Structure formats: structure tokens, C-alpha cells
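The listed protein sequences correspond, in order, to chains A and B.
Heads up, the first sequence is in numbering that gives the first Met the number 0, so the first residue is 0 and it goes up one at a time.
Heads up, the second sequence is in numbering that gives the first Met the number 0, so the first residue is 0 and it goes up one at a time.
Don't read these hints as lab results, they were simulated from the structure.
Since the model is a prediction, treat every value here as computed from it, not as a measurement.
The C-beta atom is built at its ideal place from N, Cα and C for all residues, glycine as well.
Treat the hints with care, since some could be wrong.
Within a straight-line C-alpha distance of at most 20 angstroms, the following computed PhoX-like cross-link-like pairs (lysine-lysine) qualify [to be verified]:
| id | chain 1 | residue 1 | chain 2 | residue 2 |
| --- | --- | --- | --- | --- |
| 1 | A | Lys178 | B | Lys46 |
| 2 | A | Lys392 | B | Lys66 |
| 3 | A | Lys22 | A | Lys256 |
| 4 | B | Lys66 | A | Lys68 |
| 5 | B | Lys46 | A | Lys409 |
| 6 | A | Lys256 | A | Lys150 |
| 7 | A | Lys68 | B | Lys73 |
From chain B, some residues computed to sit far from chain A (all C-beta separations above 10 angstroms) [said to hold, decoys possible]:
| id | residue |
| --- | --- |
| 8 | Arg25 |
| 9 | Thr181 |
| 10 | Gln199 |
| 11 | Phe261 |
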Amino acid sequence: MKRFFVMLVLLAVILTSFAFAAKTKITYWQYFYETKKNTIDQLIKEFERQYPDIEVEHVTFPYANYNQKVASSIPAGVGPDVINLYYGWIPKYVTSGYLIPLPEDVFSKEYLQSQFFSFVSKGVEFNGKYYALPIAVRSLALFWNKKLFEKAGLDPEKPPTTLQELVEYAKKLTIYDKKGNIVQEGLTMQPSGQGHHWIREVLVREFGGVPYTSDARTVLYDKTGAGSDVLKFYTDLITVDRVGYPGFMNDDVTAFKAQKAAMTIDGSFRIGTLNKIKGLDWGVAELPSYLGVKSNFASFWANGITTNATKDPKKLEAAIKFIKFLSSPESMKLWLKNVGELPANPELAKQYFDDPVYGAFLRGLEYAHATFFVDESAQRQVMMDAVDKVVLKGIAPEIAWKEAAEEEQKVLDNFWSSVH
Amino acid sequence: MRLRQKKIITAYTFLAIPLLFFIVVRFYPMVYSFWLSFTDWDLISPKKNFIGLLNYINIFKDEVFVKAIINTLKYVAFGVPAVIIVSLYLALVLNRIKKFQGFYRLLYVMPYITPLVAVSWVWKWMYQQPPIGFINNLLTILGLDSQPFLMSTSQALPSIVVTTVWVNLGYCVIIFLAGLQTIPQEYIEAAKIDGANRRQILWRITIPLLNPIIVFLAVTQSITFLRIFTQVYNMTDQGSGGPLNSTKPLVLYIYQKAFMSFDMGTAATATVILFGIIMIITLVQMIILNKNIEY
Chain A
0 MKRFFVMLVL LAVILTSFAF AAKTKITYWQ YFYETKKNTI DQLIKEFERQ
50 YPDIEVEHVT FPYANYNQKV ASSIPAGVGP DVINLYYGWI PKYVTSGYLI
100 PLPEDVFSKE YLQSQFFSFV SKGVEFNGKY YALPIAVRSL ALFWNKKLFE
150 KAGLDPEKPP TTLQELVEYA KKLTIYDKKG NIVQEGLTMQ PSGQGHHWIR
200 EVLVREFGGV PYTSDARTVL YDKTGAGSDV LKFYTDLITV DRVGYPGFMN
250 DDVTAFKAQK AAMTIDGSFR IGTLNKIKGL DWGVAELPSY LGVKSNFASF
300 WANGITTNAT KDPKKLEAAI KFIKFLSSPE SMKLWLKNVG ELPANPELAK
350 QYFDDPVYGA FLRGLEYAHA TFFVDESAQR QVMMDAVDKV VLKGIAPEIA
400 WKEAAEEEQK VLDNFWSSVH
Chain B
0 MRLRQKKIIT AYTFLAIPLL FFIVVRFYPM VYSFWLSFTD WDLISPKKNF
50 IGLLNYINIF KDEVFVKAII NTLKYVAFGV PAVIIVSLYL ALVLNRIKKF
100 QGFYRLLYVM PYITPLVAVS WVWKWMYQQP PIGFINNLLT ILGLDSQPFL
150 MSTSQALPSI VVTTVWVNLG YCVIIFLAGL QTIPQEYIEA AKIDGANRRQ
200 ILWRITIPLL NPIIVFLAVT QSITFLRIFT QVYNMTDQGS GGPLNSTKPL
250 VLYIYQKAFM SFDMGTAATA TVILFGIIMI ITLVQMIILN KNIEY
């Protein structure tokens, strides 16, 4: 009898352990960034509380090895089920066979249009299907140094709202030494920083142009709107108005942090860095408009489902739930609080429109565009070179702009020829 | 088995470990990158399609690649003679002094043992424009015009060469000093008795006897300059090798193709070409410079 009882207990133990093992386990990958890692951990806890039969394993690794690691893992079947990736990588990941489309019954067109800013659905679409969804997005805004405004006799609470004002203010804020060297920039001019986004998605559109065709296969900025006037406007600030130049104080962020630049155009991800600088009194405003046209640049990381998850229907179902959970307004709220990245949901974003810091970025999202980069570093290089050609070599903006468009077209052609 | 045989077997066994290490971490990746240069691998895709010599044909159509080759050769052409002449001069002067020789040697070796990334950034800041650039501030004090240095397409490459020469000096000085100390004093004394002046001693005795050292340094320094990367990556805007590719060396080109554009096929092709260039330059130097000196 006693033995029977022992057997029964043992059986119960074994059965319950089986029950635990029956939990569906999915693996989530992202690159390591402390606040992001901690926030995801916190979200996973909440997710596992809501769905007790799902367990999420969270793996992070250095940003530098991201693509190598993915490339060596997924084909071997040991990689993630849900992966966080830069939206610009989606075509490559899809054609390499790593990502599966988000199931349309859960993530319908209507769902995307109602839950996310319009640039999101464009950014995650490839060949007519959606592949990933973000928790948060980033956009650009104009940062200004209130103390330097005051010193120049400008109202420290009134940033420029148009490009004309921007130029006028920048000139007033620039300080030169006896030899004519700039010792304080009015406006940072750093195409290698966020400057190339400002030129491509903001200035081109504000000057009436369109940077690319909607399928992202053809460069249009030389053929639409004011064409090379965009480059002329940008380089005139360097060569004619002399309010700044690329490489002043090494880069735009350093110059602004050191209070040697009065205005700079930068992303929402810079807020944390600037908050840490003692004695830096800064404000942030929407990007200046031109002739009533406003534009902004947005980018984001998004979560997609890998082919690994399709091996087990339970895993696939869990992955779908997890992605939906991560993109919910509740997750976005926590993300904004912890990481400082902007909610991708327009309704939620509206709640923060009056926020003195995030407001400018969030209002910018309403009219933002996400460039469909195929090779961001190469495309950035094209813009950097265009500016250098005019500034360092004295080449006419019309020629430099045309050459830039040709160069970038080559980068696009090269990519699209490898994607079938 | 005799003791001698046993010892030999033991020796080979121990030698087998580094050999295995070399095969796994050196030769295998080398052969693999040769193979990659015939494929269109994009790092992410599981497919590696064989495309024959297409990469080799296309790469020479790439202006940036051609520019990178020219830049790399410029680094060697400016850097190697500069570092050898300056370090030989310093070694000759140092060899003459008796006091504080150790101190000076340490002084010259310091840059060499400092991490290159730190050196690059310090020089990058010294090359800055007014009001923060040390060199430009010096020029201003002297009443001269400030120079663009790293921001100019013509001055950027020489500026990086200067930094690299400064770094490599210490190592070359030490090697030259060691070489100078192996020259028998009798030769120099004999020459003096025969009435040779200092210049004759230098050109007829010291330098010919230093020839193996010069060959060694010329070869190793050429390889160092051919593989230049860290300085350029850290001293140019966003590691771009700019402005306008004016400082981009081959290794940076390879890095950008492989890890920023994920174009592994092209990167491997450039690597194979760099391998070829290093081999040819080394062989030529060994043939030209390695003449036997007999007395």
C-alpha cells in the first residue's frame, strides 16, 4: 500500500513536470542596449502572465554582429522565432528566406492603418505583404540652445519655424574669431549625422520634390521639385552664410553638447544624451517648414516572425501573440517611459503632443516619411559626397546633385537586381 | 624506441598544436575567402552562388576601388621611406649618446605601445579647426593661416601618414639600434685609421651592414602601410575614408563592402587582390634590397 502511494506521488510529479514542459517556448532576439533589454524583460513578464502557457526566451548580442549572427543561426535552425530588425533590412531578410509574412487574419491592412502611422505600413511592406511591426519609432526635430539664443539677443523661447527664419537666426548665432574662423556655429552642418536625412526626406520634400518613387527603385530628387536648389540651399549655409561646416568640433553632437553650436537637427534618440549634460539649457521644436510645407524623417526597428517559428504551429501562434502584444499601446507607453522612443500608434502619440520634449517629435510623425534604405551607409555616403564636392571642390550644386542621383541609383539598382 | 627518437616525436607533437591552430584559424579562412571571391554571397542569404570571375571584372569598374588601390599605394610610397629614413637618423643619433639613451628609447617607443585607436583620436583632435585644434592654434599664434588638414582632399592622406610614421618610429628605432650594435667596432676603427670621414663610414660601412635590417623593416613596414585601417577608420568622418574617398585604403574598402554593404563576394575579391599586392611588393623588395654584402 505504501509502495503504491509512493508510486502515485512519483507519477503525479512526472505528470506535472510534463505539463510544464508542454509550455510553448519561443525565442526573441534583439541587439543589446541596456534600457531596451530591461524593458523587453519587463514586457515578457507581463506577457507570460497573460499567457501562462507561453515562455519567451530573450537573447541579446552586440549590435556589430547582428547580421552575421542571424545569417549563421537561422539556416541552422537554432535562431530566434521572433526577431527585432531594422526596417531597411526587411527585403534582404525576406529574400534570404528568414522572415515570413505576418498572417493577414491577425494583422490586416485595416489593423495596420488604424494602429500605426502611415509610414510604418509602407516601411514594413514588401511585395504587397507586411513583415514586421515596431514598438516605437524615431523622428527628427530642431534642438536649440536657449542660453546662446539669449546671448545673441534672440528670444530663447522662440525657435525658428521656417527655413528663412532658420537661416536668419543661424547667421545671428554664428560667432567668428579675428581670422574669420567659426568659433560658434549657428546651425550644425553634418551630413554624416542626421544631416543626410534632413536633406533627403525633409528639404527635398519641402522644396516640392519627392526623393524616390513609391517602390523605392528610382531616385527622383534630381527630377522633381526644385532639384539641385536643395543642395544649393544646404551648401550655401556652409560656403556663403558660413553658419557652420561638416566636422566643426568633430561632429554636430559634440558641438551642441559643448555649447559651441546654437542649433542642431537631431533625432529623438539624442534626448537621453542631452539630458545628462549639466548646464545645457535646450529646447526642441518641429523642423522648420518651407512655403508652408512640413516634412520629417522617421525610422524604426520592428519585430518579425522567422521561418523557424513555422516548424511548430503552437510556436507560430505564440509568436503572433507576442508581436501583437509588443505593438500594443500599453507596451508603447512603457517603451516611451523607459527607452524614450516614440509610440508608433497615432492615437497614443496624440496624448503626448503637448509634452515639452516629445511633443515636437510626435507632431513631426504626422507628416514623416521613412526612407526605404537598401544600403544606408552607401546612401549616406552619396549625400556626404555631394556636400563635400560643392564645399571642398567648388563643383556646382547642379552637377554634384546630378552625380549624387546617379550614384544612388547605382546603389538601388545593385540591390534590386539581387532581389527577385 | 631510443630516447632521441622519443624526443623528436615529443617535439613534433608539441609543434602539431600550433600547426593545427594555423590550419584552423589561418589557412582555412584564407582558402575560404578565395572561394568566396567567386561567389555573390551577401552575408545574410544562405545561398552562395558561384559566379566565376564576375567579381574580379566588376571590381575594377568600381571607381572607389581603384581610388582605394591608389590611396593604399600612396600610403606605402609616402610612409615607408619616411619612417625608415627618420628612424635610421634617430637611431644613429641615439647610438652616439651614452647618457639617457634608455630614456630616449622609451620616449620613441611610447607611441608604438599606445593603443592605435587612442593615438588616432588624439591626432584627430590635434588636427581640428580653430578654436580647438592644437596644431591650428599653434599656426595662428605663429601668424600663419589655419590649415584644413583632415577636412581637405589633398591634406587628409598626408596627415594620416604623419600620424602613422610617428607611431611606427619607435619600433623601427629599436630595431635599427639593435642592428647598429651588431656592427663590429673594428670595421669602423679600421676605416678611421685608413682616413675615412664620417660620411664615408656611414655610406660605405654602416648602411651596407645594416642592409638586412633595412630589408626587414622595408618589408614589414610596407605590409603595415598596405594594411592601414585603424587610423583611417578613426580619423575620418564616420570612418568613411573621406572626404570624397581621398583617404580610403583597401582594407577600409573591404570592411565597408563586407560589413556595411554585406557584399561579401566583392569584399573577398578585394582581399585576394590585396593579398596579391602584398606578395608582389614583398617579393620585389626582397629581390632588390637583399643584396649580400661581402668584405
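A quick look at each hint next to the structure:
1. With a C-alpha separation of about 59 angstroms, the suggested pairing of Lys178/A with Lys46/B is violated against the 20 angstroms cut-off.
2. Distance hint between Lys392/A and Lys66/B is fulfilled; the C-alpha atoms sit about 17 angstroms from each other, no more than 20 angstroms.
3. A threshold of 20 angstroms between alpha carbons decides the hint, and for Lys22/A with Lys256/A the separation of about 50 angstroms lies outside it, so the pair is violated.
4. With a CA separation close to 32 angstroms, the supplied pair Lys66/B and Lys68/A exceeds the 20 angstroms bound.
5. Restraint check for Lys46/B and Lys409/A: the C-alpha separation of about 23 angstroms exceeds 20 angstroms, so the hint is violated.
6. A distance of roughly 17 angstroms separates the Cα atoms of Lys256/A and Lys150/A; the hinted pair therefore holds under the 20 angstroms criterion.
7. Taking the CA atoms of Lys68/A and Lys73/B, the gap is about 36 angstroms. The hint is violated against a cut of 20 angstroms.
8. In this structure Arg25/B is separated from chain A by more than 10 angstroms, as the shortest Cβ-Cβ distance comes to about 20 angstroms.
9. With a least beta-carbon separation of about 46 angstroms from chain A, Thr181/B lies farther than 10 angstroms from that chain, consistent with its non-interface assignment.
10. A cut-off of 10 angstroms between C-beta atoms confirms that Gln199/B is not in contact with chain A; the least separation is 49 angstroms.
11. A cut-off of 10 angstroms between C-beta atoms contradicts the statement that Phe261/B is not in contact with chain A; the least separation is 6 angstroms.
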